[in-house]
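There are 4 protein chains.
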Amino acid sequence: MTIISKATNRKLIAIIGGSQCTKEEAQTAEEVGRELARQGAILVCGGLGGVMEAACRGASTEGGTTIGILPGENRLTANPYVQIPIATGIGYARNIAVVKSAQAVIAIGGSYGTLSEIAHALQSDIPLIGLNTWSLSRNGQQDSSIILAQNPEEAVNKALSLATNSKS
Amino acid sequence: MTIISKATNRKLIAIIGGSQCTKEEAQTAEEVGRELARQGAILVCGGLGGVMEAACRGASTEGGTTIGILPGENRLTANPYVQIPIATGIGYARNIAVVKSAQAVIAIGGSYGTLSEIAHALQSDIPLIGLNTWSLSRNGQQDSSIILAQNPEEAVNKALSLATNSKS
Amino acid sequence: MTIISKATNRKLIAIIGGSQCTKEEAQTAEEVGRELARQGAILVCGGLGGVMEAACRGASTEGGTTIGILPGENRLTANPYVQIPIATGIGYARNIAVVKSAQAVIAIGGSYGTLSEIAHALQSDIPLIGLNTWSLSRNGQQDSSIILAQNPEEAVNKALSLATNSKS
Amino acid sequence: MTIISKATNRKLIAIIGGSQCTKEEAQTAEEVGRELARQGAILVCGGLGGVMEAACRGASTEGGTTIGILPGENRLTANPYVQIPIATGIGYARNIAVVKSAQAVIAIGGSYGTLSEIAHALQSDIPLIGLNTWSLSRNGQQDSSIILAQNPEEAVNKALSLATNSKS
Numbered sequence: 001m002t003i004i005s006k007a008t009n010r011k012l013i014a015i016i017g018g019s020q021c022t023k024e025e026a027q028t029a030e031e032v033g034r035e036l037a038r039q040g041a042i043l044v045c046g047g048l049g050g051v052m053e054a055a056c057r058g059a060s061t062e063g064g065t066t067i068g069i070l071p072g073e074n075r076l077t078a079n080p081y082v083q084i085p086i087a088t089g090i091g092y093a094r095n096i097a098v099v100k101s102a103q104a105v106i107a108i109g110g111s112y113g114t115l116s117e118i119a120h121a122l123q124s125d126i127p128l129i130g131l132n133t134w135s136l137s138r139n140g141q142q143d144s145s146i147i148l149a150q151n152p153e154e155a156v157n158k159a160l161s162l163a164t165n166s167k168s
Numbered sequence: 001m002t003i004i005s006k007a008t009n010r011k012l013i014a015i016i017g018g019s020q021c022t023k024e025e026a027q028t029a030e031e032v033g034r035e036l037a038r039q040g041a042i043l044v045c046g047g048l049g050g051v052m053e054a055a056c057r058g059a060s061t062e063g064g065t066t067i068g069i070l071p072g073e074n075r076l077t078a079n080p081y082v083q084i085p086i087a088t089g090i091g092y093a094r095n096i097a098v099v100k101s102a103q104a105v106i107a108i109g110g111s112y113g114t115l116s117e118i119a120h121a122l123q124s125d126i127p128l129i130g131l132n133t134w135s136l137s138r139n140g141q142q143d144s145s146i147i148l149a150q151n152p153e154e155a156v157n158k159a160l161s162l163a164t165n166s167k168s
Numbered sequence: 001m002t003i004i005s006k007a008t009n010r011k012l013i014a015i016i017g018g019s020q021c022t023k024e025e026a027q028t029a030e031e032v033g034r035e036l037a038r039q040g041a042i043l044v045c046g047g048l049g050g051v052m053e054a055a056c057r058g059a060s061t062e063g064g065t066t067i068g069i070l071p072g073e074n075r076l077t078a079n080p081y082v083q084i085p086i087a088t089g090i091g092y093a094r095n096i097a098v099v100k101s102a103q104a105v106i107a108i109g110g111s112y113g114t115l116s117e118i119a120h121a122l123q124s125d126i127p128l129i130g131l132n133t134w135s136l137s138r139n140g141q142q143d144s145s146i147i148l149a150q151n152p153e154e155a156v157n158k159a160l161s162l163a164t165n166s167k168s
Numbered sequence: 001m002t003i004i005s006k007a008t009n010r011k012l013i014a015i016i017g018g019s020q021c022t023k024e025e026a027q028t029a030e031e032v033g034r035e036l037a038r039q040g041a042i043l044v045c046g047g048l049g050g051v052m053e054a055a056c057r058g059a060s061t062e063g064g065t066t067i068g069i070l071p072g073e074n075r076l077t078a079n080p081y082v083q084i085p086i087a088t089g090i091g092y093a094r095n096i097a098v099v100k101s102a103q104a105v106i107a108i109g110g111s112y113g114t115l116s117e118i119a120h121a122l123q124s125d126i127p128l129i130g131l132n133t134w135s136l137s138r139n140g141q142q143d144s145s146i147i148l149a150q151n152p153e154e155a156v157n158k159a160l161s162l163a164t165n166s167k168s
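Residue numbers (the numbering used here), protein chains in the order written: chain A, 1 to 168; chain B, 1 to 168; chain C, 1 to 168; chain D, 1 to 168.
Hints may contain errors.
With the C-beta cut set under 10 Å, the calculated list includes, among others, these residues of chain D facing chain B [unchecked claim]:
#1 ILE96
#2 LYS100
#3 ALA119
#4 HIS120
#5 SER124
#6 TRP134
#7 GLY140
In silico DMTMM-like pairs for lysine to aspartate or glutamate, Cα to Cα no more than 25 Å straight-line [stated by the list, open to error]:
#8 A:LYS11 <-> A:GLU31
#9 D:LYS23 <-> B:ASP143
#10 D:LYS158 <-> C:GLU73
#11 A:LYS23 <-> C:ASP143
#12 D:LYS11 <-> C:GLU73
#13 B:LYS11 <-> B:ASP125
#14 B:LYS11 <-> A:GLU62
#15 A:LYS11 <-> B:GLU62
#16 D:LYS11 <-> C:GLU62
#17 B:LYS11 <-> B:GLU62
#18 A:LYS158 <-> B:GLU73
#19 C:LYS23 <-> C:GLU154
#20 A:LYS11 <-> B:GLU73
#21 D:LYS158 <-> D:ASP125
#22 C:LYS158 <-> D:GLU73
#23 A:LYS158 <-> A:GLU62
#24 D:LYS158 <-> D:GLU62
#25 B:LYS23 <-> B:GLU154
#26 C:LYS11 <-> D:GLU62
#27 B:LYS158 <-> A:GLU73
#28 C:LYS23 <-> A:ASP143
#29 C:LYS11 <-> C:GLU153
#30 B:LYS158 <-> B:ASP143
#31 D:LYS11 <-> D:GLU62
#32 B:LYS23 <-> D:ASP143
#33 B:LYS11 <-> A:GLU73
#34 C:LYS11 <-> C:GLU62
#35 C:LYS11 <-> D:GLU73
#36 D:LYS158 <-> D:ASP143
#37 C:LYS23 <-> C:GLU62
Since the hints were made in silico from the structure, they are not lab data.
From the three backbone atoms N, C-alpha and C, an ideal C-beta is built for every residue, glycine too.
Looking at chain A on its own, in the form it has when it is part of the complex:
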């Protein structure tokens, strides 16, 4: 009997964004989550509210799998659409685990916590798709590492096509 790992079959995509967000960002996040689930990807996020909750809600409505990597020790702090809560107790270090574990990352809006996750993703050459999120320049020169998308479907399609097993 041979057991084939499913690791190579289902892609792991992170959605990052603020724990508080606008109504518009929530709608975007929900649609991104929905589309990821439709295409069979596993959603990983920081497990809290705002963009994270909306994304998990979207994925859940389509029967998708949702993982929330929480900063604290209490799994009950996860939003109600997280199916697999990972309550790390390692505080901000969990931001790193969220993005490093993904094969591609979709950023929606977001504040400085999201910016730290964007930076950690780019540091490891993990494809980063942005929907109305940060833009960066260094020494006056625009940094074009964030791959822009105009809508949820485009973001998901880009994330899935760029997701690889090569490095992370």
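Chains B, C and D: place on chain A using the hints.
Just chains B, C and D now, with coordinates in the frame of chain A:
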């Protein structure tokens, strides 16, 4: 339409032990993984070889879900039976995430890495079941926090009955 | 006999920047380190080469104290001007410790690792002074949280005047 | 002009133990801190109360250097004898940094947090001296990795003679 989180339905149980282990420990781990899957629990572990691989293999043969929280950045370092690799890039800090995310922990054999995980679990009052693993005494007094089990089935039954949503 | 903590007397300032850098950035970093030492501050950094090494070299020449919080386990990976190597073994999570431990941060140039540190600092309202480093905008709006400085002396003066004991 | 790193001259020794402790443990910790300072070593600890505070108090009375690596973000949570507070914001992951950064570790009493630090030290072959602390056995066999000491002076002498630059 109501969406019910599955977080409350499926228990998350960690299996910890050495990345190198004896044949006997591997057999024990495989049977623990198998039994966890039969009873519907999600298995979380450190994602590498030895006890971790044997446990994931057991769970996989019964159609269970396996999560591997890896120390490094490369998801391909996960053993082939890990379905959801979390490649954290945070080194030893991942040991903490493995146990803190579980509602109960089963330790099989193990060396100092496993001992650190036992300590982190007990520190957070997470039920810890031991199969031929460390025993502890402090200032000459035996510490009885590790709940002993004689075989895989007993370990799984104790873990599942003690797993709670109350704290972690 | 009363013992007064020196913690309130000597300020802890982080210098962040690339482990590889231009000659100009190295000169800037060295002068920043020198000036911090002259003014009695303790320098904390990531402990490796490039900007970090140049800053530690500058501080050392003025008799200052230098702390290097390293990602790996080997204290010998610290640059030769680190007096107190903290070899954490926690990988990228050490980036967070570098900035969170400081009362103000000075960023010089830098790539994505530095950007992650900038984000973690801003997330915690730690004053962040920039010398030819990243600039940020969000949803098309310039973010002005990074306090610009034109030269090393101005950067150090701003860092020391903004450093507080209030939060971090 | 040649700059010689002081890193090779002053040894970094960790003291670990409970944030709450008995009067006797506090006296032991204070004397250990005192002796470490007399012999020129830098003391690193978790920065909080109990054994950590007593050790820092001892070192301070002899003019020693004390570093506290804190779990939270607030440097003011450090005990008053910490001269260099490192407020990491990474929670339990800081336990790892405390021991991995030391060339030798002295454990005094302690609960499960201390046990996790003992395990992380032994995992990295960092010499671990115990004063009335945990003792360990595995599969019924006593583990003799913890080097026992009968009094503070013996603990410090053993720690300093075993401290090396070779690995950590």
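Violated constraints from the hint list, given by number and in increasing order: The structure breaks none of the hints.
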